[in-house]
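Colleague: Protein chains in written order, with our numbering: chain A, 1 to 289; chain B, 1001 to 1439; chain C, 2001 to 2183.
Everything labelled a hint here was simulated from the structure, so no lab data went into it.
On a predicted model such as this, the values are computed, not experimentally measured, just so you know.
Even glycine gets a Cβ: it sits at the ideal position worked out from N, Cα and C.
Be careful, since some hints might not be right.
[Said to hold, decoys possible] In silico lysine-lysine, DSS-like type, Cα no more than 27 Å apart, as pairs: (1) C:Lys2065 - A:Lys183; (2) C:Lys2179 - C:Lys2103; (3) B:Lys1328 - B:Lys1408; (4) A:Lys45 - A:Lys259; (5) A:Lys282 - B:Lys1231; (6) C:Lys2165 - C:Lys2075; (7) B:Lys1231 - A:Lys285; (8) A:Lys45 - A:Lys254; (9) B:Lys1229 - A:Lys285; (10) A:Lys254 - A:Lys94; (11) A:Lys91 - A:Lys79; (12) B:Lys1328 - B:Lys1229.
[Unchecked claim] Derived list of chain C stretches under chain B, where covered just means 3 residues or more per stretch with a C-beta under 8 Å from a C-beta of chain B: (13) 2069-2078; (14) 2120-2132; (15) 2143-2157.
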Amino acid sequence: MLRKLSVIAAVAGLLTAGLAGPALASGHALPAKEVKWSFDGPLGKFDQAQLQRGYKVYREVCSACHAMSLVSFRNLGDKGGPFYDEKYSAKHGKTSNDNPKVKAIAKEYEVADIDSETGDAIKRPATPADHFVSPFANEAAARASNGGALPPDMSLLAKAREEGPNHIYSILTGYAAPPAGLKIGDNQHYNKYMAGDLTSYWSGSHEHVPPGGFIAMAPPLKANQVTFDDGAPATLDQEAKDVSAFLMWAAEPKLDERKQTGFAVMIYLLLFSGLLYASYRKVWKNESH
Amino acid sequence: MSGHSTYEPKTGIERWLDARLPIVRLGYDSFVDYPTPRNLNYWYTFGGILSLCLASQLISGIILAMHYNPGADHAFASVEHIMRDVNYGWLIRYMHANGASMFFIAVYIHMLRGLYYGSYKAPREVLWILGCVIYLLMMATAFMGYVLPWGQMSFHGAVVITNLFGALPLVGPAITTWLWGGFAVDSPTLNRFFSLHYLLPFMIAGVVILHVWALHVVGQNNPTGVDPKSKADVLPFTPYATVKDGFAMSLFLLLFAFFVFYMPNALGHADNYIPANPLVTPAHIVPEWYFLPFYAILRAVPDKLFGVLAMFGAIACLFALPWLDTSKVRSMRYRPTARIHFFIFVVACCILGLCGAKLPSEPVIPGLTTFNLVDADLNSFVWLSRLAAFYYFAFFLAILPLLGLFEKTLPVPDSIASPALSHPATIPAAATAAPEMKG
Amino acid sequence: MADTAVGAKTDPAHGEAPIRRDFIYIATIAVPAGGAASLAIPFIDQMNPSADTLALASIEFDLSKVAVGQQVTVKWRGKPLFVRNRTAAEIAAAVKDDHSSLKDPQTDADRVKPGKANWLVLIGSCTHLGCVPTFGGGAYGGWFCPCHGSVYDTSGRIRQGPAPKNLAVPDYTFLSDTKVKIG
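Working from the sequences, and respecting the hints, build out all of it.
Modeller: Shown next, in the form of structure tokens:
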């Protein structure tokens, strides 16, 4: 039996090695910095103050170029979201659409609509039910304004990168002066955590190609770029962490609900397994096998 | 399967129904009174676990189809609609996505168990082949299901797999155009994949019924590989097997729930959260983990057509297995040499899976360069996959056929219940004599 | 029952010609078989490209957008199309290899329009399994396919890896010095 178990363990080890492989194989970027998030672990949940700070960074910095088209304004006031307020929840017969903070945020944006009487194309202030308005009309316009590079939509960014919010945090804090000997193009910036292969731009020896790659986005954050409403010091590190946490929320708004449900389900299944095991012992008590 | 049924309708309604449609009798004879070898271990619980997986996938899938929109412009957004706005949509979608992986974990264990205990040998050939058909349908279903979210991996996975058919001489290009419904993978492809992804699971369910029927005709195999000979060898299915299966199922559900609630994206690819873009292929494109061994075999062969043939050949070997293994002894418990090869085979499959996830040119031992052979350095994953693929085919096409003729087997017990061992020479009789003896 | 009767009567061992009643049975089976086969044609053919897909128009492309040494990717019939403005060095490298051992032998001149050697127009779909090769990658400075490592030279010819054929050249014509029509 022990030998069997060791074989299974070896097989499982090989499998995990195989699954972990792609992350290491692509590019030669440094592995992302490990950040301790409030939403880590089986009971982790979003830190609402952090999400509010992160939203502010997104609103004042990122949203100039990055769309977040899958997120609606009302989501900001949903349970687990940055502006959730119990007064505006189903408990009190209301929804996040009634949340005054959410309403105020929506009103800052304008959306295209059709006047129902004249049929003319008009612009109206957004409502909480609308999706975040993209900064550019289409992909071509976005590329034209950004030197040919497309700023990715941020709705799912934290799930669309192998190392998730750690990756976003590392990129934001990973800009560095290009090492001497690295040929860098116009509108390009060197970042140690960007995926890529710099071999063909490197004049030094092939063993010492610098890690990372080129990114078209100029360093977007610096200290005191935003003023946090809760008085938290606006260091680069703090801003980067907060916006990464906010983007994780944007990508997976149901994370709190998922982890809480999971905890109850695991306990239920453990109890049920215990009962089944007891029944099994009882049924098989007098039978050799 | 048994000549006589012990079902006795107790109430008037039961008697009335039994005279018109004896469906309760069928259920009673199949899942209550059905005689089950008393020595079945936990490896035998995966049949029940698989039926649980199928039911879970069918139910969650039907629900997802109520919210999903199969057009190239809307598919990605509709999946996110499910994740963000549909009540418990995130739960149902994560159950469905991780359920596919759980299904394959269970089916691989189930198949390896069959391989180890010789459950494909006479008279269970048809039972085994029906299982292979289910596996093939599962692969087709899983592949088409993975295309539906229309992310980058979905799209380019569909491109690579449909292009496999283009390797066929003469008819290849016509077949790929026919599969695509256009000049490339596009909206018509997605729409038909959705239709087939909905259909195939019901075909799986149909073949599962045949699989269970065949099982009940020939009876269950057991770890000794010796057929039950008397009442002492068997126990009624309920409660003995049901309670054991139930316990194993709940342990499996714990694993399933752990993935759904705590690592829902660990078995997927981050790139699939980027909407499909036909103009850019992700830097590292790999299929889902359960296809990796076959993908590695495809890449191990430097020629396109032969690579595709090798990949399909690897599956064809499974179908031919009942006739490739010549041994008269069923269970590898009594086949010491075959047992060693079985474990090497399992390791070879895992190595193939590992190679499938790596870039072919990547060195196995980092930093070591040996010498170039044919098209790659000897210290590369492509050569490791060639080695493992060679063993994979050798296992089916040489080792199992020859081993049965020359292997020295251990003595096999007379019956499940009795510890007495028969002489090795009488094994053929013992292994084939008994089908009519069961319950 | 009828089946066995037919089988028995037409058994060639008996050397009897089928009589009229057997003919009716055979015809009764053959007619629906033919009907089913005919019905299968529309059921199978519906999967082929539909009329609106086939009607996809050809596209015109303004070459002045492509700088020397660069490539622009446009979408044509759902597939990427590479338009590459090659440098003199890249053309020379391609011509030099015209007679080295190639998997799919073709000269560089065969793959461009006469007098327009700098313009290379290709379908950007790897001939192995259809991935989009990346520009400038691989040992020959042409393209490198990220999926299975096929390497193409600056003429788009396959040089290494599992792909069997060169990157395909679509039908195209020069409308003027700066404009091409593809398809």
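Colleague: If a hint holds in the structure, say so; if it does not, say that too.
Modeller: Okay, the hints, checked on the actual structure:
1. C:Lys2065 - A:Lys183: Holds, at about 25 Å.
2. C:Lys2179 - C:Lys2103: 32 Å, violated
3. B:Lys1328 - B:Lys1408: 11 Å, holds
4. A:Lys45 - A:Lys259: 8 Å, holds
5. A:Lys282 - B:Lys1231: Distance of about 21 Å is within 27 Å: holds.
6. C:Lys2165 - C:Lys2075: 21 Å, holds
7. B:Lys1231 - A:Lys285: 18 Å, holds
8. A:Lys45 - A:Lys254: 10 Å, holds
9. B:Lys1229 - A:Lys285: 23 Å, holds
10. A:Lys254 - A:Lys94: Holds, at roughly 19 Å.
11. A:Lys91 - A:Lys79: 11 Å, holds
12. B:Lys1328 - B:Lys1229: 18 Å, holds
13. 2069-2078: holds (count 4)
14. 2120-2132: It holds: at least three residues are needed, and the stretch 2120-2132 of chain C offers 7 whose Cβ sits within less than 8 Å of chain B.
15. 2143-2157: Result for this restraint: holds, n = 5.
Against the hints set out earlier in the document, a violation occurs for number 2 only.
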